[in-house]
Amino acid sequence: MEANLALLIPLFPVIAFLLLIFGRKAFCKKMAAAVGVAATFASFALSTWVLVAGETITWKVPWLQIGNQTVSLSIEIGSLQMLMLFIVSVVSMLVHLYSYGYMKHDDRIQVFYAYLALFTFSMFSLVMSSNLLWIYIFWELVGVCSFLLIGFWYFKPEARDAARKAFVVTRIGDVGFFIAICLAFWHAGSFEVSDLQAVVESGQLTPGLITLLAVLIFVGAIGKSGQFPLHTWLPNAMEGPTPVSALIHAATMVAAGVYLVANLFFLFQASPFAMDLVAYVGGFTAIFAATIGLAQYDIKRVLAYSTVSQLGYMMLALGSAGYVAGVFHLFTHAFFKALLFLGAGAVIVLLSHEQDIRKMGGLWKSHRQLGIWFLAGCLSIAGIPPFSGFFSKDEILLSTYLDGRIDLFVIGIIAAFFTAFYMFRLFFMVFAGEARGPKADSKVPVVMMVPIVILGLFSVFSGFANASPMHLLTAWLSKGNDYTAATGHAPVWLPVLVVTVSLVGIGLAYLYFGSRKWSTSKVVQTVPRLHKLVFNKYYVDELYHYAFVLPAKGIGWFLYGVDRFVVGGLAYLTAWIAQFIGRIGSRIQNGQAQTYALVSVIGFVLLIVGLTAGRFLK
Amino acid sequence: MVVTSYLALSAILFSIGLYGVLTKRNAVIVLFCIELMLNAANINFVAFSKFGLFPDLAGHIFTLFTITIAAAEAALGIAILIALYRHVETAEADQFKSLKG
Amino acid sequence: MSINSEFIAFFILSVMAIGGAVFMINFTRVIHMALALAFTFLSIAGIYLQLHAEFLAVIQILIYTGAISILMLFGIMLTKNHEELKSSIAPWHAVLSFVGVAAFFGVLMWIIYQTPVISEPSDGEGWTILQLGERVFTEYVIPFELASILLLVALVGAVVLAKKEEK
Numbered sequence: 001m002e003a004n005l006a007l008l009i010p011l012f013p014v015i016a017f018l019l020l021i022f023g024r025k026a027f028c029k030k031m032a033a034a035v036g037v038a039a040t041f042a043s044f045a046l047s048t049w050v051l052v053a054g055e056t057i058t059w060k061v062p063w064l065q066i067g068n069q070t071v072s073l074s075i076e077i078g079s080l081q082m083l084m085l086f087i088v089s090v091v092s093m094l095v096h097l098y099s100y101g102y103m104k105h106d107d108r109i110q111v112f113y114a115y116l117a118l119f120t121f122s123m124f125s126l127v128m129s130s131n132l133l134w135i136y137i138f139w140e141l142v143g144v145c146s147f148l149l150i151g152f153w154y155f156k157p158e159a160r161d162a163a164r165k166a167f168v169v170t171r172i173g174d175v176g177f178f179i180a181i182c183l184a185f186w187h188a189g190s191f192e193v194s195d196l197q198a199v200v201e202s203g204q205l206t207p208g209l210i211t212l213l214a215v216l217i218f219v220g221a222i223g224k225s226g227q228f229p230l231h232t233w234l235p236n237a238m239e240g241p242t243p244v245s246a247l248i249h250a251a252t253m254v255a256a257g258v259y260l261v262a263n264l265f266f267l268f269q270a271s272p273f274a275m276d277l278v279a280y281v282g283g284f285t286a287i288f289a290a291t292i293g294l295a296q297y298d299i300k301r302v303l304a305y306s307t308v309s310q311l312g313y314m315m316l317a318l319g320s321a322g323y324v325a326g327v328f329h330l331f332t333h334a335f336f337k338a339l340l341f342l343g344a345g346a347v348i349v350l351l352s353h354e355q356d357i358r359k360m361g362g363l364w365k366s367h368r369q370l371g372i373w374f375l376a377g378c379l380s381i382a383g384i385p386p387f388s389g390f391f392s393k394d395e396i397l398l399s400t401y402l403d404g405r406i407d408l409f410v411i412g413i414i415a416a417f418f419t420a421f422y423m424f425r426l427f428f429m430v431f432a433g434e435a436r437g438p439k440a441d442s443k444v445p446v447v448m449m450v451p452i453v454i455l456g457l458f459s460v461f462s463g464f465a466n467a468s469p470m471h472l473l474t475a476w477l478s479k480g481n482d483y484t485a486a487t488g489h490a491p492v493w494l495p496v497l498v499v500t501v502s503l504v505g506i507g508l509a510y511l512y513f514g515s516r517k518w519s520t521s522k523v524v525q526t527v528p529r530l531h532k533l534v535f536n537k538y539y540v541d542e543l544y545h546y547a548f549v550l551p552a553k554g555i556g557w558f559l560y561g562v563d564r565f566v567v568g569g570l571a572y573l574t575a576w577i578a579q580f581i582g583r584i585g586s587r588i589q590n591g592q593a594q595t596y597a598l599v600s601v602i603g604f605v606l607l608i609v610g611l612t613a614g615r616f617l618k
Numbered sequence: 619m620v621v622t623s624y625l626a627l628s629a630i631l632f633s634i635g636l637y638g639v640l641t642k643r644n645a646v647i648v649l650f651c652i653e654l655m656l657n658a659a660n661i662n663f664v665a666f667s668k669f670g671l672f673p674d675l676a677g678h679i680f681t682l683f684t685i686t687i688a689a690a691e692a693a694l695g696i697a698i699l700i701a702l703y704r705h706v707e708t709a710e711a712d713q714f715k716s717l718k719g
Numbered sequence: 720m721s722i723n724s725e726f727i728a729f730f731i732l733s734v735m736a737i738g739g740a741v742f743m744i745n746f747t748r749v750i751h752m753a754l755a756l757a758f759t760f761l762s763i764a765g766i767y768l769q770l771h772a773e774f775l776a777v778i779q780i781l782i783y784t785g786a787i788s789i790l791m792l793f794g795i796m797l798t799k800n801h802e803e804l805k806s807s808i809a810p811w812h813a814v815l816s817f818v819g820v821a822a823f824f825g826v827l828m829w830i831i832y833q834t835p836v837i838s839e840p841s842d843g844e845g846w847t848i849l850q851l852g853e854r855v856f857t858e859y860v861i862p863f864e865l866a867s868i869l870l871l872v873a874l875v876g877a878v879v880l881a882k883k884e885e886k
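Chains as they are written, first to last, in the working numbering: chain X, 1 to 618; chain P, 619 to 719; chain B, 720 to 886.
There's no promise every hint is true.
Using C-beta positions, here's what the derived DEER-type ranges look like [stated by the list, open to error]:
(1) ALA578(X) with VAL875(B): 48 to 54 Å
(2) GLN850(B) with ALA701(P): 39 to 45 Å
(3) VAL566(X) with ILE698(P): 55 to 61 Å
(4) ASN745(B) with ILE698(P): 50 to 56 Å
Calculated from the structure, these hints are not laboratory results.
The beta-carbon is built from N, C-alpha and C at its ideal position, and this holds for glycine as well.
Can you make the complete structure from the sequences, with help from the hints?
Listed below in structure tokens is the structure:
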């Protein structure tokens, strides 16, 4: 009974998608928004119910019979999945609501809602599936939705390019994931996650194979979660509408990579090398993206790099055996990052689609309420107690410390400092001081403000889900598995250190951008090279351009030339020969009986020669 | 005398006639040449009638028929020629192009 | 090959026939062509005589040299022929025709001279017009009747075709 009810969770969005995509002419804008919000609300209600009920739900039907193998459509909703369903449904519902305010003036809002619904459906299904093949199918479907939504304003060339880039770059990771699935099926004989787990735990697989599997799956996660070196698509994806950035590229889809690693955590646990890889890639991404975030001027790009950095934190936690810490950060990050994006979207709308933070300012005075909630998001991501980010980041750094990865711990602390700095740089530039660009006269619409407030409340309070004395989330997530991190008591100095570092970052940001006592240009002048390097995102895009894109283009040109001149030439030659023969034929067919007679005579001679030559040559 | 000489004569006349048929522009001359070719064939009939493996009068009779047919053909040919001439105002064979599609 | 009267006669007659044909091809005036052709027909009648086909020789003279040549002359008269024939035929056509005909002739001659002659010539004993008539009216009576019908049809057809179209 419960299983069947849970099955309805992805059903609502898919119905909404079908309704909207086929009836996009019939629905007016309000109706379309209503359909989308209603569907996601229904899913939200159901997933909340599932979360509260808290019982693991399994459901399985055979789907394909291949030889004597049965591939089933199977669903298993454990603690992690319930949590994910809850996050996705909450953020998705709020974004649906918010989109009506943001996209009000867009003519294709029905299609937009259809894509959003399809995305929500795929994300739900991805989370619910416990079969690698199905996970992969929805994984790709999520990628398709991302492509569609980034390129939603396809008439903008940047949006088109960004959509294509996102698709291609994530595809690189997907190939790794796909190979991993094939390998898993080959060696474990099943697509089921539970079967794979059983095989891994019974030690039937060699350690090398497990490492290979884990690394390949992690490659998929790198692509989806924008980890270094496949992070380049995520900042570009900000060309999509802001609600999409909030929903997909901050809260849910990019979390799919983290979710995948968490879901297949047993695999990583069995391989120390894979754990190291995850931790180091995560740590490096965290600091790498944070430094880039320091020098960006586009409000959404700063947030995008902060997303990359925070996802790096999650990977760092998972790689340091901090399963709970990683998932916890995924949980809190979804809320405060969605909040920040929605707030940024509101700012963008207020300033008539201005995205450059150098042209913003003074919003604190005119839009106090928005400012307060945005500040809440900033404080949360910077890790100031009692906001949610503090708790989760603290857990991450704790697990890193307890895992004995001191180098990564230091990196995490520095990244936390950078995070606080660039987030408050953003905050002060946007809200403090005087208006430097377009004036913001209008008010934020209620449909946009309500989601912001709700998410703000979540960002403030969700941290208490795993607050110190009770550790509710730890108990919840540890049900039925042994993923709990290395035990040990948190040193008292650790939260103090984190908070101090963050406060220093905030203070510096205030001095530079809030009160403007210190000037940034001096810093830029002292290290011009470094600034340029960071501003240009370490030239990673350019490097890829020269290392991969240009050679590929060269090969493309070469093959094009081959096709055009060799293959095409042959085709033209063939056509020309046929034409030539045809022209001769038509010349002969000139209607004069004598020409026909001549041709017959020649043919007759040839026939006679052919018939008699053999006989006489003997 | 052997049959070969007659056959060679026949071949020569036939080839000359054939060449004329192929190259002459005047339709009347083309008819001439066709008659010449028929005659060359007749020489063969008659020659084999005498020099053949089984000498027989049948060759003569065939020639007789051929001459009959040739006469009819010549008459019809001239008649068609005159009709055509009336139609296109020329007797030049290369002006008759209605066979062209 | 011994030189005897038969050979001399054949030689002269064939030279006349071939010469007439060649002249017919090479003359430029249509009336000369017609005369050259009549000469060739006459020579062929001589060849028939040499082959013990006296009746055919007579027929040849009557029909070809007489009737058909006269018919041709009528044809020439009734169509407006330019006296001097322009040789406006395409050169490639002429060359190709010559090559084709020469090849045909070569093949023909080769075959003729390759084929062995094994039989003795008949002396034409008993080949009389009487015998010819008997065979035509017994053995070949059906073709004979058909030929007469054909002639009749040709007669009617020629009249119909040559008649001026009624306006």
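Status of the hints after comparison with the structure:
no., hint, in the structure
1, ALA578(X) with VAL875(B): 48 to 54 Å, "50 Å, holds"
2, GLN850(B) with ALA701(P): 39 to 45 Å, "42 Å, holds"
3, VAL566(X) with ILE698(P): 55 to 61 Å, "57 Å, holds"
4, ASN745(B) with ILE698(P): 50 to 56 Å, "26 Å, violated"
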